[in-house]
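Chemist: Go by the hints and put chain L onto chain V.
So you can see what is in the structure, the chains are spelled out below.
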Amino acid sequence: GAVVSQHPSWVICKSGTSVKIECRSLDFQATTMFWYRQFPKQSLMLMATSNEGSKATYEQGVEKDKFLINHASLTLSTLTVTSAHPEDSSFYICSASLQGASYEQYFGPGTRLTVT
Amino acid sequence: DAKTTQPPSMDCAEGRAANLPCNHSTISGNEYVYWYRQIHSQGPQYIIHGLKNNETNEMASLIITEDRKSSTLILPHATLRDTAVYYCIVNPGNTPLVFGKGTRLSVIA
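Protein chains in written order, with this note's numbering: chain V, 652 to 767; chain L, 352 to 460.
In isolation and in its complexed conformation, chain V is listed as follows (with noise of 0.2 angstroms):
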């Protein structure tokens, strides 16, 4: 239990494209995902938290506009990255949660975005 899908996996655009990637739980509902970005041979950083229904809260230095976060059901949150440059070149993976005492973050397999 507890799977999550990204899709796609991987994605190439051209500069000044727009690029929309999907998280989805698949086996139970997520009031709460994240999105993460990791460059190469760095940790993960944690881009935004995104509540359905509600408008996403996004860390510090995280451009709102730029990176525009749906989650519009409990098991579907969607990412797009607007304008897409090469230093957006990246690594994406989103999480969900299921709320408890101590709940577990389970996350996606991830997308590797090249814009070109």
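Keep in mind that a hint or two might mislead.
Claimed, not checked - Listed below are several chain L residues computed to face chain V (Cβ distance under 10 angstroms; list not exhaustive): (1) C363; (2) A364; (3) Y385; (4) Q389; (5) S392; (6) G394; (7) Q396; (8) Y438; (9) N442; (10) G444; (11) N445; (12) T446; (13) P447; (14) F450.
What the hints assert, rightly or not - Below, in silico cross-link-like pairs of lysine-lysine (DSSO-like), each with a Cα-Cα straight-line distance of 30 angstroms or less: (15) K717(V) x K692(V); (16) K354(L) x K715(V); (17) K452(L) x K692(V); (18) K354(L) x K420(L); (19) K665(V) x K692(V); (20) K452(L) x K671(V); (21) K354(L) x K692(V); (22) K715(V) x K452(L); (23) K671(V) x K706(V); (24) K665(V) x K717(V); (25) K452(L) x K403(L); (26) K706(V) x K665(V); (27) K715(V) x K692(V); (28) K692(V) x K420(L); (29) K403(L) x K420(L); (30) K671(V) x K715(V); (31) K354(L) x K706(V); (32) K665(V) x K715(V); (33) K692(V) x K671(V); (34) K717(V) x K452(L); (35) K420(L) x K452(L); (36) K671(V) x K717(V); (37) K717(V) x K706(V); (38) K452(L) x K354(L).
In case anyone wonders, no lab produced these hints; they're calculated from the structure.
Using N, Cα and C, we set each Cβ at its ideal position, and we do this for glycine too.
Modeler: Relative to the frame of chain V, chain L by itself:
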């Protein structure tokens, strides 16, 4: 900022126990100790978590010192597939996980 300190890398012989240490001297009373691992180019995988008591599951054991200022993750019989970066994270369980640099474990045949 991560509230944990881990060695940057460790080696372990295949079939032997891998003991990964973690210092979290500023841990609060309501914070759990979580362990995740990340195999190259994959999303992090949950391993185990605990509050005060030692914990064991099918993947690993977690030993937490009595003062809770440090812990050790034990993989009892390491295999080549256990080669990964292991992250120790302290978290109250209701906030996003913050990842430090972790320990890169290399299991050697």
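Chemist: If a hint holds in the structure, say so; if it doesn't, say that too.
Modeler: Results for each hint:
Using the Cβ-Cβ criterion of 10 angstroms, the hint placing C363(L) at the interface with chain V is not satisfied: the shortest such distance is roughly 21 angstroms. Interface hint status for A364(L): violated, as the beta-carbon distance to the closest one in chain V is roughly 25 angstroms, over 10 angstroms. Nearest Cβ of chain V to the Cβ of Y385(L): about 7 angstroms, under the 10 angstroms cut. The hint holds. Satisfaction of the interface hint for Q389(L) is found here, the shortest Cβ-Cβ separation to chain V being roughly 8 angstroms, below the 10 angstroms cut-off.
Contact between S392(L) and chain V, as hinted, is supported at the beta carbon level, the nearest pair being about 7 angstroms apart and thus within 10 angstroms. The beta carbon of G394(L) is positioned within 10 angstroms of a beta carbon in chain V (closest approach about 4 angstroms), and the interface hint is therefore held. Interface hint status for Q396(L): upheld, as the beta-carbon distance to the closest one in chain V is roughly 7 angstroms, under 10 angstroms. With a cut of 10 angstroms, the hint placing Y438(L) at the interface with chain V holds, because the nearest CB-to-CB distance is about 8 angstroms.
Look at N442(L): its Cβ gets to within about 9 angstroms of chain V, closer than 10 angstroms, so that hint holds up. Checking G444(L) against chain V by beta carbon gives a least distance of about 4 angstroms; that is within 10 angstroms, so the hint holds. Residue-level restraint check for N445(L) holds (minimum Cβ-Cβ distance to chain V is 7 angstroms; threshold 10 angstroms). Of the supplied interface hints, the one on T446(L) holds, with its beta-carbon coming within about 9 angstroms of a beta-carbon of chain V, less than 10 angstroms.
Given hint, P447(L) at the interface with chain V, holds; its Cβ is 5 angstroms from that chain's nearest Cβ, closer than 10 angstroms. A hinted interface residue such as F450(L) counts as satisfied when its beta carbon comes closer than 10 angstroms to some beta carbon of chain V; here the least separation is about 4 angstroms, so the hint holds. Proposed proximity of K717(V) and K692(V) is supported: the alpha carbons are some 24 angstroms apart, at most 30 angstroms. With a CA separation close to 27 angstroms, the supplied pair K354(L) and K715(V) stays within the 30 angstroms bound.
At roughly 9 angstroms between alpha-carbon atoms, K452(L) and K692(V) fall within 30 angstroms of each other, so this suggested pair holds. Under the criterion of a C-alpha separation no larger than 30 angstroms, the hint pairing K354(L) with K420(L) is consistent with the structure, at around 11 angstroms. Annotation: proposed proximity of K665(V) to K692(V) holds, straight-line Cα distance about 24 angstroms (limit 30 angstroms). With a CA separation close to 28 angstroms, the supplied pair K452(L) and K671(V) stays within the 30 angstroms bound.
Our distance criterion of 30 angstroms between C-alpha atoms is met by K354(L) and K692(V), whose separation comes to about 20 angstroms. Taking the CA atoms of K715(V) and K452(L), the gap is about 26 angstroms. The hint holds against a cut of 30 angstroms. Between K671(V) and K706(V), the direct Cα distance comes to roughly 17 angstroms. Compliance with the 30 angstroms bound is thereby established for this hinted pair. For the suggested pair K665(V) and K717(V), the alpha carbons sit about 16 angstroms apart, so the restraint of at most 30 angstroms is met.
Only pairs whose Cα atoms come within 30 angstroms are accepted, and K452(L) paired with K403(L) is accepted, the gap being roughly 24 angstroms. Between K706(V) and K665(V) the alpha-carbon distance is near 28 angstroms, which keeps this suggested pair within the 30 angstroms criterion. For the proposed pair K715(V) and K692(V), the alpha carbon gap of about 25 angstroms is at most 30 angstroms, so the pair holds. Of the pairs offered as hints, the one joining K692(V) and K420(L) holds, with about 28 angstroms between alpha carbons and a cut-off of 30 angstroms not exceeded.
Using a Cα cut-off of 30 angstroms, the hinted pair K403(L) and K420(L) holds, with the two alpha carbons roughly 10 angstroms apart. Our distance criterion of 30 angstroms between C-alpha atoms is met by K671(V) and K715(V), whose separation comes to about 14 angstroms. Taking the CA atoms of K354(L) and K706(V), the gap is about 28 angstroms. The hint holds against a cut of 30 angstroms. Taken as a hint, the K665(V) and K715(V) pair is honoured in the structure, with Cα atoms around 21 angstroms apart against an allowance of 30 angstroms.
The suggested pairing of K692(V) with K671(V) holds, with an alpha-carbon distance near 24 angstroms, which does not exceed 30 angstroms. A threshold of 30 angstroms between alpha carbons decides the hint, and for K717(V) with K452(L) the separation of about 27 angstroms falls inside it, so the pair holds. Note on K420(L) and K452(L): the hinted pairing holds, with a Cα-Cα distance of about 18 angstroms set against a maximum of 30 angstroms. For the suggested pair K671(V) and K717(V), the alpha carbons sit about 12 angstroms apart, so the restraint of at most 30 angstroms is met.
The suggested pairing of K717(V) with K706(V) holds, with an alpha-carbon distance near 14 angstroms, which does not exceed 30 angstroms. The hinted pair formed by K452(L) and K354(L) meets the criterion: a straight-line CA distance of about 11 angstroms does not exceed 30 angstroms.
The structure shown violates the earlier hints numbered 1, 2.
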